[in-house]
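Using the hints provided, position chain B relative to the given structure of chain A.
Here is how the chains run, residue by residue.
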Amino acid sequence: MAPALEPMTGRYLRMEIEGIAHRVYFEEAGQGIPLVCLHTAGADNRQYRHLLADPEITRRFRVLAFDMPWHGKSTPPDGWQEGEYRLTTASYTAAIRAFCQALELERPVVMGCSIGGRIVLNLAIAHAAEFRALIALEAADFQQPWYDTAWLHRPDVHGGEVSAALISGLIAPHSPPASRHETLWMYMQGGPGVFKGDLYFYRVDGDLREKVKTIDTKVCPLYLLTGEYDFSCTAEDTLRTARQIPGVEVQIMKQVGHFPMSENPAKFREYILPVLAKISSSRPPHA
Amino acid sequence: MTPAERFARLPGLLAADTDLRRRGRWLDVDCRIDIGAEPFHLVLRQGALAALERGPRLMRATAFSIRGTDEAWRRHWHKVPEPGWHDLFALAKRGVASMEGDLRPLLQNLQYFKDLLALPRRLAEED
Chain A
108 MAPALEPMTG RYLRMEIEGI AHRVYFEEAG QGIPLVCLHT AGADNRQYRH
158 LLADPEITRR FRVLAFDMPW HGKSTPPDGW QEGEYRLTTA SYTAAIRAFC
208 QALELERPVV MGCSIGGRIV LNLAIAHAAE FRALIALEAA DFQQPWYDTA
258 WLHRPDVHGG EVSAALISGL IAPHSPPASR HETLWMYMQG GPGVFKGDLY
308 FYRVDGDLRE KVKTIDTKVC PLYLLTGEYD FSCTAEDTLR TARQIPGVEV
358 QIMKQVGHFP MSENPAKFRE YILPVLAKIS SSRPPHA
Chain B
-7 MTPAERFARL PGLLAADTDL RRRGRWLDVD CRIDIGAEPF HLVLRQGALA
43 ALERGPRLMR ATAFSIRGTD EAWRRHWHKV PEPGWHDLFA LAKRGVASME
93 GDLRPLLQNL QYFKDLLALP RRLAEED
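Taken in order, these protein sequences are the chains called A and B.
Residue 394, in this note's numbering, is where the first sequence stops; the numbers in between run on with no holes.
Residue 119, in this note's numbering, is where the second sequence stops; the numbers in between run on with no holes.
I should point out that these hints are in silico values taken from the structure, not numbers from a laboratory.
Keep in mind that a hint or two might mislead.
The list that follows gives simulated cross-link-like pairs (lysine-lysine, DSS-like), each with its CA atoms no further than 30 angstroms apart [what the hints assert, rightly or not]:
#  : chain 1 : residue 1 : chain 2 : residue 2
1  : B       : K106      : B       : K85
2  : B       : K85       : A       : K180
3  : A       : K361      : A       : K385
4  : A       : K325      : B       : K71
5  : A       : K325      : A       : K361
6  : A       : K374      : A       : K385
7  : A       : K374      : B       : K71
8  : B       : K85       : A       : K320
9  : A       : K180      : A       : K374
10 : A       : K320      : A       : K385
11 : A       : K361      : B       : K106
12 : A       : K325      : A       : K385
13 : A       : K374      : A       : K361
14 : B       : K106      : B       : K71
15 : A       : K320      : A       : K361
16 : A       : K385      : B       : K71
17 : A       : K318      : A       : K361
18 : A       : K385      : A       : K318
19 : B       : K71       : B       : K85
20 : A       : K361      : B       : K85
21 : A       : K318      : B       : K85
Derived coverage of chain A by chain B (criterion: at least 3 residues anywhere in the stretch with Cβ under 8 angstroms from a Cβ of chain B; other residues may be distant) [to be verified]:
#  : region
22 : 247 to 260
23 : 264 to 275
Here a beta-carbon is modelled for each residue, glycine too, at the ideal position from N, C-alpha and C.
Isolated chain A, as found in the complex (with noise of 0.2 angstroms):
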């Protein structure tokens, strides 16, 4: 009998992040339009192997996947001991301009889910004409912070077992109760102190409000898909920010959480598909 494989390659890139020396993991699967994926805090690209796999969307687009630094198979850089771990809007945005460049990958499509999604919208701010599209999931110009990341990384606590309580929460009871736990098991996984750094973007530092307003859909389209269930990212953060972007293309999406490429795979393809359909059949604006 054949080896049950699936279609997405892992592969290993040396490059460099705002001058530092990086060894980035990243997955990659399909022919087309170059997709670059960006999981949400504390995890990693695992979180988007439906997509990999899935023939509908990798017939027509490259799709890769990549471990942000500190994440998944990315190791963090040399000397990382000696530092705390914090992600700001800079760092992260360096680190997505990096890898596809160091691909290059000619104007890809990027789709990011929360403080992915959060810098979606930082690219479209200042870095539009770089993307053929963007989509940001679970995304909005600011949210109320509802607990204290103290929590997440201290001795007396098992980090990776309470940023998974935590974000459990975050997910739709409808969600598969498999696919509810694999997306758990990601975040017992990090690095100690990894998810709380994530956060130091989210909370601090990537306060967009306000330079959304100068989003401009004709250089670079958007689109925004927000899970009703998701109550970090709620519903209203995203119309809100919609409200301020002219031609921004916004939907909630039923019986999902903050989560839902890994928590739903089958229910967010449902809404994905006619964005990236709509992407394809449409030419990059002023190609």
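Same frame as chain A, now just chain B:
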């Protein structure tokens, strides 16, 4: 059944859930859960309920308290809760529940407590 009456069924619900007791096996704590105006004092030992006392207790020491309005618990315990009512922290964010005291044992066993406090969802709905 009122929300407090439903919560009073907790001993039977937890006794029937061997997996939840397994996950809580390291936990020993005394805590207080308020269902609307009614306090419940939980004595948890190795993840099992050693005691559940309903009503006020003078000067009762407790590690932490979780308080929620009647509406918060009633909607939290719908078989399929609505968005924003489906998680303890969603309730806290909307201002209908709160967590106070020494939160360390709560955070050390957070999934256990979330699942414990959702157990009344398994009772037949009435509304």
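Structure-based check of all given hints:
Taking the CA atoms of K106/B and K85/B, the gap is near 15 angstroms; set against the 30 angstroms cutoff, the hint holds. A C-alpha spacing of about 34 angstroms is found between K85/B and K180/A, which places the hinted pair above 30 angstroms, so the restraint is violated. Only pairs whose Cα atoms come within 30 angstroms are accepted, and K361/A paired with K385/A is accepted, the gap being roughly 21 angstroms. A hinted pair counts as satisfied when its Cα atoms are at most 30 angstroms apart, and K325/A with K71/B does not qualify at roughly 45 angstroms.
With a C-alpha separation of about 28 angstroms, the suggested pairing of K325/A with K361/A holds against the 30 angstroms cut-off. With a C-alpha separation of about 18 angstroms, the suggested pairing of K374/A with K385/A holds against the 30 angstroms cut-off. Between K374/A and K71/B the CA atoms are separated by roughly 20 angstroms; this keeps the pair inside 30 angstroms, and the hint holds. With a C-alpha separation of about 27 angstroms, the suggested pair K85/B and K320/A falls inside the 30 angstroms cut-off, and the hint holds.
Restraint check for K180/A and K374/A: the C-alpha separation of about 28 angstroms stays at or below 30 angstroms, so the hint holds. A threshold of 30 angstroms between alpha carbons decides the hint, and for K320/A with K385/A the separation of about 24 angstroms falls inside it, so the pair holds. For the suggested pair K361/A and K106/B, the alpha carbons sit about 23 angstroms apart, so the restraint of at most 30 angstroms is met. With a C-alpha separation of about 15 angstroms, the suggested pairing of K325/A with K385/A holds against the 30 angstroms cut-off.
For the proposed pair K374/A and K361/A, the alpha carbon gap of about 9 angstroms is at most 30 angstroms, so the pair holds. Among the hinted pairs, K106/B with K71/B is consistent with the structure: their alpha-carbon atoms are about 15 angstroms apart, no more than 30 angstroms. Restraint check: the Cα-Cα separation between K320/A and K361/A comes to about 27 angstroms, which is no more than 30 angstroms; the hinted pair holds. For the proposed pair K385/A and K71/B, the alpha carbon gap of about 37 angstroms is over 30 angstroms, so the pair is violated.
Simply put, K318/A and K361/A have alpha-carbon atoms about 28 angstroms apart, close enough for the 30 angstroms limit, and the pair holds. For the hint pairing K385/A with K318/A, the CA-to-CA distance comes to about 26 angstroms; that is within 30 angstroms, so the pair holds. Pair hint K71/B plus K85/B holds up; C-alpha atoms about 21 angstroms apart against a cutoff of 30 angstroms. For the hint pairing K361/A with K85/B, the CA-to-CA distance comes to about 21 angstroms; that is within 30 angstroms, so the pair holds.
The suggested pairing of K318/A with K85/B holds, with an alpha-carbon distance near 26 angstroms, which does not exceed 30 angstroms. Requiring three or more residues with a Cβ within less than 8 angstroms of a Cβ of chain B, the coverage given for the region 247 to 260 of chain A holds, as 4 such residues are present. With 8 residues having a Cβ less than 8 angstroms from any Cβ of chain B, the region 264 to 275 of chain A passes the three-residue criterion, so the hint holds.
Checked against the numbered hints given earlier, this structure breaks hints 2, 4, 16; the rest are met.
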